[in-house]
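From first to last, the protein sequence lines stand for chains H and R. Per my numbering, the first sequence runs over residues 1 to 111. Per my numbering, the second sequence runs over residues 1 to 114.
Keep in mind that a hint or two might mislead.
[Unchecked claim] Below, simulated SDA-like cross-link-like pairs (lysine to any residue); rule was C-alpha separation at most 25 Å, straight line:
id: 1; chain 1: H; residue 1: Lys98; chain 2: R; residue 2: Gln54
id: 2; chain 1: H; residue 1: Lys52; chain 2: R; residue 2: Gln54
id: 3; chain 1: H; residue 1: Lys52; chain 2: H; residue 2: Tyr32
id: 4; chain 1: H; residue 1: Lys98; chain 2: R; residue 2: Ser51
id: 5; chain 1: H; residue 1: Lys3; chain 2: H; residue 2: Pro111
Source of the hints: derived by calculation from the structure; they are not laboratory data.
Okay, here's what each chain looks like letter by letter:
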Amino acid sequence: DAKTTQPPSMDCAEGRAANLPCNHSTISGNEYVYWYRQIHSQGPQYIIHGLKNNETNEMASLIITEDRKSSTLILPHATLRDTAVYYCIVTNYNQGGKLIFGQGTELSVKP
Amino acid sequence: KAGVTQTPRYLIKTRGQQVTLSCSPISGHRSVSWYQQTPGQGLQFLFEYFSETQRNKGNFPGRFSGRQFSNSRSEMNVSTLELGDSALYLCASSSPHGGDTEAFFGQGTRLTVV
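Whole structure, please, built from the sequences with the hints as guidance.
In structure tokens, the structure reads:
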């Protein structure tokens, strides 16, 4: 079973920030939080990951709470092309490169 | 550099047949993982190979098998196909360097069993 809980769907207006929450209350000390997204019928795409510090890259920002039990992925200026299913995953690659996908959040960006 | 390449992209097979899918990882990546995606079950982990050894395995029957070659290319095989095996099969490659790394996915092979 997935170790994360995400809302099944969210809407966001184009140009606004999209904030996607994820609960991972059973995360272990050596597990990272990863975010991937999957645009319809394509392979998942890596977005960002972090251990305990907030992270930012050209695609998104990742905010992890101090107790590491939850996190938020932020797409600062959502576009129509950001419409996708977003998956939050916790894992440690020392466990063997195994990603356990939950149901994810289906983000719809609307004009 | 080239991404993860999966062949074929589409495949139609008959129940009872077997099928082999291929995955070429990103150059230099030694880990290849396979996933099955269906509308009902979502994305499910099949197995992972690293340096020609299966390092991790998901909860699938023995009809699903795989292997990895010395050049890191990987194949997965499904024998005695069932209608329920119809799915998008995805492979991902990565270059583990400790506890964190990112996986790069191919576009998948769409298998239809009739």
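* Does glutamine 54(R) lie within 25 Å of lysine 98(H) when you go C-alpha to C-alpha? -> Within the cut-off at roughly 12 Å; holds.
* **25 Å limit on alpha-carbon distance, applied to hinted pair lysine 3(H) and proline 111(H)** => Outside the cut-off at roughly 33 Å; violated.
* Given the hinted pair lysine 52(H) and tyrosine 32(H), is their alpha-carbon gap at most 25 Å? -> Roughly 8 Å between the alpha carbons, so the hint for lysine 52(H) and tyrosine 32(H) holds.
* Taken at face value, is the distance from the CA of serine 51(R) to the CA of lysine 98(H) at most 25 Å? -> 15 Å, holds
* Can the restraint linking lysine 52(H) and glutamine 54(R) be considered satisfied, given a maximum Cα separation of 25 Å? -> 30 Å, violated
The structure fails hints 2 and 5 (numbered hints given earlier, in ascending order).
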